[in-house]
Structures are given as C-alpha cells and as structure tokens.
Amino acid sequence: MEREKKTISGRLLEADFYPVWENGSRMPVRPRGTKPSSEAQKKYNNNMAIKQAVRLINANFDNGDLLLTYTYEQKFAPLNIDGASRDINNYKRRIKTKRAAELKRIEKLLKTDPQNKKYRALLRKLKAPFKYYYTIEEVTYKTGALKGQKNYHVHLFMTGGLDRDTVEAMWGKGIRVNAQRFRPEVFGPEAAARYISKDPQGRKRFRHSQNLTQPETRAKDGHISPRTVELMAKQRVDDKDYWERRYKGYRFLRCFSRFNKYNGHWYVSVVMYKADTDGLLPNWKIEGDDWMDAT
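Residue numbers (the numbering used here): 1 to 295.
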C-alpha cells in the first residue's frame, strides 16, 4: 500500500508518497545485502543535514526574526572552532541581557501609549522565548599574506525584537557584520538554510537552542492507490493547480518523482508553502531532485 507522509515546518509543507508493507514498514529500495556507495551515502547524509536545517529554521523563524553573518577580523580570530563557539555563547548572553532591558523599556512606553502598534509588535517578539540556530564554518587561507591561518564565519538565526544596528554593534569582532530581517517569502523559505548548510570547504559546526519547535509529521496509509501515485509522477509533477487544490491554503513550489526499478513503485515528493501574499511567488526554484533523496 501507499503512504502519504506530511512534514509541516512552520509554513513549509512537504508531502511524500511511497510504498509500505501492510505492517507499515517501508519497502526496500535495493536488494538485501547491498549498500549504497560511500559517495552516495555521503550525499545522502549531506542532503539529510540540509533538510533538517531547512525544517528547523522554518518551524522556528519567520518574518521579523534576524539572520546575521559575522566574519572575524583576523586579529580577533580564535585559535580553534571551540574558541569561536565560546565567542558565540558570550554574544548570545549579551543579546539576552539586551532583550531583557529592551522589554522593560517597551513595557514602560506602552503604559503611556498602549495602542502603539509598533511597540505592541516589539513586545510580542521580546516576550517570546529566545531561540537561535547557527553554524560556524572554519576556513583556512590558501593564498596571500594570511596563507595557512584559520578564520571563522558565523551564520546565525535568532528571534527578533532588537534592531539590526544594535545586534551588529554588539558583535565587536568582525570586519564584516551583516544583520538582515529574515524574510522567507522574499528570498525563499529554503535558501538561507541551504546556504548556511552547504558542503563546507573546512570544518563546520551546527548549534541551536534546546527550545526549538520540532517539525510535525503526519502519516496516512492506504487511502491512495499505487496507480494514483503513478499518475502523480507522470502527469502531476508540474501541475500547480492540482497540488494547490489538494493542499488548500498552500502555494506550490515544486514536485519531484522517481521510479524504483527494484521494487517497481513510484515515489513522489511535493513541496508547498503557506505564503501570505496573493500575487506571484518569487523564483524559489532549486535545481535537481536532491530534496527527495532524504525523506
């Protein structure tokens, strides 16, 4: 029988269709005793890491939150990636202290102007639990005067409430500091997460707060036939209207399909997004079908 598995990460929806046995276990995709090549396994692991990052970020961060990129000035660069982690931990403590002070300031302002929409929006952000997700990428200069020396790039998502100039100034160690409002509807709900999760040239470390909301998964078996999944794979891959009728309230991003010669079944994955805008979505196209190689 066929399974429809929906993974809901904030406003991002992934729906995967694939065969399972009557007991609910997945059908094998290759003969028993065979394993994927080391290169194929590496690709799968990388895709899975990217997918997890995309899901967590969409489940926890949205418009009004911040995406920051920090680059160390060489004289401030730590000796190793553990030193970079300590710098980030210290930075997060300063941010939390600043958020608490800003919360008190906004609460005081609202007492004299309780209907101020800007203040009320800031209050909601500052009262929300502080969340973060970041990567530290270690790079080694290959040429020039700094050849052989290490430096670190930090990409950090965090909940909003503070203005960009403030959070940039609080870093204090970078030659390039850039804070921007996270706007997934503008540059794509996956683009930033994929960028910070890209296969690094050096070491990369991922960290996030323990209070992140986990994506929600729902599975339903047997309500759709193999023939229907085959028709999806052959006729509905680019059918925007079909998918938006099936998942009302979501906008179609893309759909991939593939046929497994070993078990004789079709696999289909569709990605949807609950956008606020009614107009045309930006071009969020991602080349290739790596997305569905790690369900």
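Just so you know, the hints here were simulated from the structure itself, not pulled from any lab data. If you're wondering where the values come from, they're calculated on a predicted model, not measured in any experiment. From the three backbone atoms N, C-alpha and C, an ideal C-beta is built for every residue, glycine too. Any given hint could be a false lead.
In silico DSS-like links for lysine-lysine, alpha-carbon gap of 30 Å or less [claimed, not checked]:
hint: 1; residue 1: Lys173; residue 2: Lys142
hint: 2; residue 1: Lys96; residue 2: Lys142
hint: 3; residue 1: Lys220; residue 2: Lys240
hint: 4; residue 1: Lys127; residue 2: Lys104
hint: 5; residue 1: Lys131; residue 2: Lys117
hint: 6; residue 1: Lys117; residue 2: Lys127
hint: 7; residue 1: Lys5; residue 2: Lys220
hint: 8; residue 1: Lys111; residue 2: Lys98
hint: 9; residue 1: Lys127; residue 2: Lys142
hint: 10; residue 1: Lys127; residue 2: Lys98
hint: 11; residue 1: Lys173; residue 2: Lys127
hint: 12; residue 1: Lys131; residue 2: Lys147
hint: 13; residue 1: Lys92; residue 2: Lys150
hint: 14; residue 1: Lys108; residue 2: Lys98
hint: 15; residue 1: Lys142; residue 2: Lys98
hint: 16; residue 1: Lys117; residue 2: Lys274
hint: 17; residue 1: Lys248; residue 2: Lys5
hint: 18; residue 1: Lys220; residue 2: Lys173
hint: 19; residue 1: Lys5; residue 2: Lys234
hint: 20; residue 1: Lys220; residue 2: Lys6
hint: 21; residue 1: Lys104; residue 2: Lys118
hint: 22; residue 1: Lys261; residue 2: Lys274
hint: 23; residue 1: Lys248; residue 2: Lys43
hint: 24; residue 1: Lys131; residue 2: Lys173
hint: 25; residue 1: Lys274; residue 2: Lys5
hint: 26; residue 1: Lys127; residue 2: Lys111
hint: 27; residue 1: Lys125; residue 2: Lys98
hint: 28; residue 1: Lys117; residue 2: Lys104
hint: 29; residue 1: Lys240; residue 2: Lys5
hint: 30; residue 1: Lys150; residue 2: Lys43
hint: 31; residue 1: Lys131; residue 2: Lys92
hint: 32; residue 1: Lys131; residue 2: Lys104
hint: 33; residue 1: Lys150; residue 2: Lys173
hint: 34; residue 1: Lys98; residue 2: Lys75
Computed spacing ranges between beta-carbons, pair by pair [what the hints assert, rightly or not]:
hint: 35; residue 1: Tyr141; residue 2: Arg258; range: 39 to 47 Å
hint: 36; residue 1: Ala101; residue 2: Lys42; range: 44 to 52 Å
hint: 37; residue 1: Pro129; residue 2: Leu109; range: 20 to 28 Å
hint: 38; residue 1: Asn63; residue 2: Tyr262; range: 19 to 27 Å
hint: 39; residue 1: Asp82; residue 2: Lys240; range: 41 to 49 Å
hint: 40; residue 1: Lys42; residue 2: Thr217; range: 19 to 27 Å
Status of each hint after checking the structure:
1. Lys173 <-> Lys142: Between Lys173 and Lys142 the Cα gap is close to 22 Å, so the pair holds against 30 Å.
2. Lys96 <-> Lys142: Outside the cut-off at roughly 37 Å; violated.
3. Lys220 <-> Lys240: holds (23 Å)
4. Lys127 <-> Lys104: Between Lys127 and Lys104 the Cα gap is close to 10 Å, so the pair holds against 30 Å.
5. Lys131 <-> Lys117: The given pair, whose Cα atoms are some 23 Å apart, holds under the 30 Å limit.
6. Lys117 <-> Lys127: holds (15 Å)
7. Lys5 <-> Lys220: The given pair, whose Cα atoms are some 6 Å apart, holds under the 30 Å limit.
8. Lys111 <-> Lys98: Roughly 20 Å between the alpha carbons, so the hint for Lys111 and Lys98 holds.
9. Lys127 <-> Lys142: violated (45 Å)
10. Lys127 <-> Lys98: holds (13 Å)
11. Lys173 <-> Lys127: holds (28 Å)
12. Lys131 <-> Lys147: Not satisfied, since the Cα-Cα distance of roughly 36 Å exceeds 30 Å.
13. Lys92 <-> Lys150: Holds, because 23 Å separates the two Cα atoms, which is no more than 30 Å.
14. Lys108 <-> Lys98: Measuring from Cα to Cα gives roughly 16 Å; hence the hint holds.
15. Lys142 <-> Lys98: violated (38 Å)
16. Lys117 <-> Lys274: Distance ~25 Å between Lys117 and Lys274 Cα, so the pair holds.
17. Lys248 <-> Lys5: holds (16 Å)
18. Lys220 <-> Lys173: violated (50 Å)
19. Lys5 <-> Lys234: Holds, at roughly 20 Å.
20. Lys220 <-> Lys6: Holds, at roughly 9 Å.
21. Lys104 <-> Lys118: Holds, at about 15 Å.
22. Lys261 <-> Lys274: violated (34 Å)
23. Lys248 <-> Lys43: Not satisfied, since the Cα-Cα distance of roughly 33 Å exceeds 30 Å.
24. Lys131 <-> Lys173: holds (22 Å)
25. Lys274 <-> Lys5: The hint holds at about 18 Å.
26. Lys127 <-> Lys111: holds (16 Å)
27. Lys125 <-> Lys98: Answer holds: Lys125 to Lys98 is near 13 Å, not above 30 Å.
28. Lys117 <-> Lys104: holds (17 Å)
29. Lys240 <-> Lys5: holds (19 Å)
30. Lys150 <-> Lys43: Roughly 26 Å between the alpha carbons, so the hint for Lys150 and Lys43 holds.
31. Lys131 <-> Lys92: Measuring from Cα to Cα gives roughly 10 Å; hence the hint holds.
32. Lys131 <-> Lys104: OK: Lys131 and Lys104 at ~19 Å, within 30 Å.
33. Lys150 <-> Lys173: holds (15 Å)
34. Lys98 <-> Lys75: Holds. Lys98 to Lys75 sits at ~26 Å (cutoff 30 Å).
35. Tyr141 <-> Arg258: 39 to 47 Å: Given range 39 to 47 Å: holds, Cβ gap about 41 Å.
36. Ala101 <-> Lys42: 44 to 52 Å: holds (46 Å)
37. Pro129 <-> Leu109: 20 to 28 Å: holds (22 Å)
38. Asn63 <-> Tyr262: 19 to 27 Å: violated (44 Å)
39. Asp82 <-> Lys240: 41 to 49 Å: Cβ of Asp82 to Cβ of Lys240: about 48 Å, so the range 41 to 49 Å holds.
40. Lys42 <-> Thr217: 19 to 27 Å: Since Lys42 and Thr217 have Cβ atoms about 25 Å apart, the given range 19 to 27 Å holds.
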